[in-house]
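Fit chain H to the supplied structure of chain P, relying on the hints for placement.
Top to bottom, those sequences are chains P and H.
Take 51 as the starting number for the first sequence in my numbering and just add one per residue.
Take 51 as the starting number for the second sequence in my numbering and just add one per residue.
Incorrect hints may have been included.
[To be verified] Reference excerpt, derived from the structure (chain H facing chain P, CB under 7 Å, subset only):
(1) 135
(2) 179
(3) 198
(4) 430
Simulated from the structure, these hints should not be mistaken for lab results.
Think of the CB as a built atom: it goes at the ideal place given N, C-alpha and C, for glycine as much as any other residue.
There are 2 protein chains.
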Amino acid sequence: MSLAFDLSGCLSARLGDGALEESQVLVKAQSLRPALDRLSDLRSAGEGDPEFLLLPDRRADLEPARDLAFALNEACDDVLILGTGGSSLGGQTLYALADAPLGPAHPRLHFLDNVDPFGFERLLDRLDLEHTGVVAVSKSGGTAETLCQFAVIVEAMIEALDESRLASRVAVITEPKDSPLAALAERWRLPRLDHDLGVGGRFSVLSVVGLLPALLAGLDAAAFREGAAAVLDRALGPEGCELASPAAGAALAVLAAERGYSQSVLMPYVDRLADFGLWYRQLWAESLGKHGKGTTPIRALGPVDQHSQLQLYLQGPADKLFTLIRLETEGEGPRVAPQIVDDPRLEYLAGRRMGDLLDAMARATAETLIRNGKPTRTLVLERLDEEVLGGLFMHFMLETILAAELLGVDAYDQPAVEEGKVLARDYLAVMQRD
Amino acid sequence: MSLAFDLSGCLSARLGDGALEESQVLVKAQSLRPALDRLSDLRSAGEGDPEFLLLPDRRADLEPARDLAFALNEACDDVLILGTGGSSLGGQTLYALADAPLGPAHPRLHFLDNVDPFGFERLLDRLDLEHTGVVAVSKSGGTAETLCQFAVIVEAMIEALDESRLASRVAVITEPKDSPLAALAERWRLPRLDHDLGVGGRFSVLSVVGLLPALLAGLDAAAFREGAAAVLDRALGPEGCELASPAAGAALAVLAAERGYSQSVLMPYVDRLADFGLWYRQLWAESLGKHGKGTTPIRALGPVDQHSQLQLYLQGPADKLFTLIRLETEGEGPRVAPQIVDDPRLEYLAGRRMGDLLDAMARATAETLIRNGKPTRTLVLERLDEEVLGGLFMHFMLETILAAELLGVDAYDQPAVEEGKVLARDYLAVMQRD
Chain P
51 MSLAFDLSGC LSARLGDGAL EESQVLVKAQ SLRPALDRLS DLRSAGEGDP EFLLLPDRRA
111 DLEPARDLAF ALNEACDDVL ILGTGGSSLG GQTLYALADA PLGPAHPRLH FLDNVDPFGF
171 ERLLDRLDLE HTGVVAVSKS GGTAETLCQF AVIVEAMIEA LDESRLASRV AVITEPKDSP
231 LAALAERWRL PRLDHDLGVG GRFSVLSVVG LLPALLAGLD AAAFREGAAA VLDRALGPEG
291 CELASPAAGA ALAVLAAERG YSQSVLMPYV DRLADFGLWY RQLWAESLGK HGKGTTPIRA
351 LGPVDQHSQL QLYLQGPADK LFTLIRLETE GEGPRVAPQI VDDPRLEYLA GRRMGDLLDA
411 MARATAETLI RNGKPTRTLV LERLDEEVLG GLFMHFMLET ILAAELLGVD AYDQPAVEEG
471 KVLARDYLAV MQRD
Chain H
51 MSLAFDLSGC LSARLGDGAL EESQVLVKAQ SLRPALDRLS DLRSAGEGDP EFLLLPDRRA
111 DLEPARDLAF ALNEACDDVL ILGTGGSSLG GQTLYALADA PLGPAHPRLH FLDNVDPFGF
171 ERLLDRLDLE HTGVVAVSKS GGTAETLCQF AVIVEAMIEA LDESRLASRV AVITEPKDSP
231 LAALAERWRL PRLDHDLGVG GRFSVLSVVG LLPALLAGLD AAAFREGAAA VLDRALGPEG
291 CELASPAAGA ALAVLAAERG YSQSVLMPYV DRLADFGLWY RQLWAESLGK HGKGTTPIRA
351 LGPVDQHSQL QLYLQGPADK LFTLIRLETE GEGPRVAPQI VDDPRLEYLA GRRMGDLLDA
411 MARATAETLI RNGKPTRTLV LERLDEEVLG GLFMHFMLET ILAAELLGVD AYDQPAVEEG
471 KVLARDYLAV MQRD
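Looking at chain P on its own, in the form it has when it is part of the complex (with noise of 0.2 Å):
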């Protein structure tokens, strides 16, 4: 499995006061080799930082996380995943991979990541807690958001079950170290999986962060792996600084971003990819913003946004780069039946199935970006699976931090948002309590 990024739209387009030659991007991409050395050096290693580049390869920790995946299969008709940010976004995008809605053998799972009252209650009134099971994560331990949702839920299922059996349908996931919810966990004795010390939150996605919802919705946890770690095999290897490679990306994006391009817009034609597009745009944003540096990461989707964004991605400034994705999907999907659209304005619609209508509509966004010269890459999957999805992950979490290494950030930590969660501390000290 590779996965077959082409530049050339890019490569075409003047950016700035000219084109972008290939060699820029090669040497740029080359400049990288001593990293992608010391990457591949810590992967045989099998230990060091950054952890996430091990995850791969790794297959022993799925064990548990099948176990508790099979209990609360058994016990439960909806699960509710708890946590936020890097804790959610990756479980949201492998769920979105899951045939929904699923037969009777999987739960339905609920991602809730945020704390707006009116939502979470209406959710509350619906479920049956007889039937519900709760996976709370939190890589600290001490998220306020996550742990005000679980003190809310545990006390309803205090309520629904009973104290003593809170152990077969609540979770934590969570660092093996002392902290607010791994106290809690331990006071009913609540089954538990780590959350690896060394993987960050938004490079969680392929460790039991990502994996137990995965596992939760019947998909193939190992195969998201060993789609991660072909692309890694490659990205770190002798082709590692070719034009497909991350490292290419990491370059283009930086050379792209000296020369006034401040937006990075990743565009699927696929509705399952539409989560992937905001686990991309925390991964981007997170490990890049700080001095100053990095560039906003968009989320967009088509066809849909053609009727919203492509006005602007064609004649607004000239500051996005591009990425596209389509999905092989000619001849695939329901067919228009030609005695329905027996209109000479529908002649071209009859006879077609929906996939060829969103094939050609990638395509000729993709053409007419390009003809414009707006710096365009693309890249088209054959099919989509937990084996791709792996690797599109991987290849993402390698162009960021060798983006971060390009720009001389820190592409693993978040310094700035420790200031707000202690101004929200302090508005709450103030606040009456009943």
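Same frame as chain P, now just chain H:
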């Protein structure tokens, strides 16, 4: 009903070379007075362009929409709303306000705004077509995606129901003129509501395009218009150039853009306004993104995006203008029981309500952005209902057309998207038909 936008967090911020002065915003806003007077005359005359300004005062078109909603509600458990872009996003936003899951009196709405065959077939498979309604929305009557969806579903319904009963389940909203969709409606004598000729898709939310879905969901359509009318009264009146006005919002956006602030982030702390962000994103992008002008609308959602985008917002490039919307939720929602969180590290949560946490986070983020010199406009809502949402729609539509006035672009056209449509048909033409 009035919306109290607070611009003080922008006026203290350094934008580019120096602070943005209140006087600069006011002078720019006052330059819009002739435009406001023109709009006011239009409204008094009760005819002319842009026609969307006349919708808040209109009532006669609601009666046929109510009749259609009543008939579909009687017959259907599910209603599919076919349409894309402006034919869908307004309705989706209104529907988010409904108290879903709705009681048995109201059908579930499904907004099909994309043509991915995978999800489409799965939805079709699980619908009971005997109790499913369809509303196809296309201003031109020729939108390829909508016609493709329509043809597939109509064929399935003819098979399930018999052709003679189609008119009891399927309706269209399109312009009162000849078009492929109009011809199909004619062929089966389908109920039909007129899409106003002078109202573009992205300005159509207060027309039957947005209000039919609202009526299907049991919402008060007239109240949306009343809220919009109240905002319009104020925006075109003597207070029309004050700091809280749409004119001042437009002036702020344009002044910020001149200083390199190329992105406009709309970040409500209200899940029910998540779709509002998508609606706004089309409105702003498609109306302003032309001749190299416009800024990029960014849809964010609090608090969840604090765990995704806030790092970039605070420490990335200084290129974003922020609008935060907070709903007063202190004291609302489920309460965190002190006996559950009897850990000193969670003392800050004990006895708090979820709405307290949401409120504290919204306040803290606004303050953190402002302290860090990020230009941040805030809006506090005391409640969220039809009237307030109608007002929000009107505020942002006015702000957009007034920004277009300042930028010297036509807010109502989208000339760039035609090229891709033609190309897509070319691609279709060379594909095999079955």
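Taking the hints in turn, this is what the structure says about them:
1. Checking residue 135 of chain H against chain P by beta carbon gives a least distance of about 3 Å; that is within 7 Å, so the hint holds.
2. Hint on residue 179 of chain H is violated. Least Cβ distance to chain P is approximately 14 Å, over the 7 Å limit.
3. Evaluation of the residue 198 of chain H hint against chain P yields a held restraint, the C-beta minimum of about 5 Å falling below 7 Å.
4. With a cut of 7 Å, the hint placing residue 430 of chain H at the interface with chain P is violated, because the nearest CB-to-CB distance is about 14 Å.
Violated hints, in rising order: 2, 4; the structure is consistent with all others.
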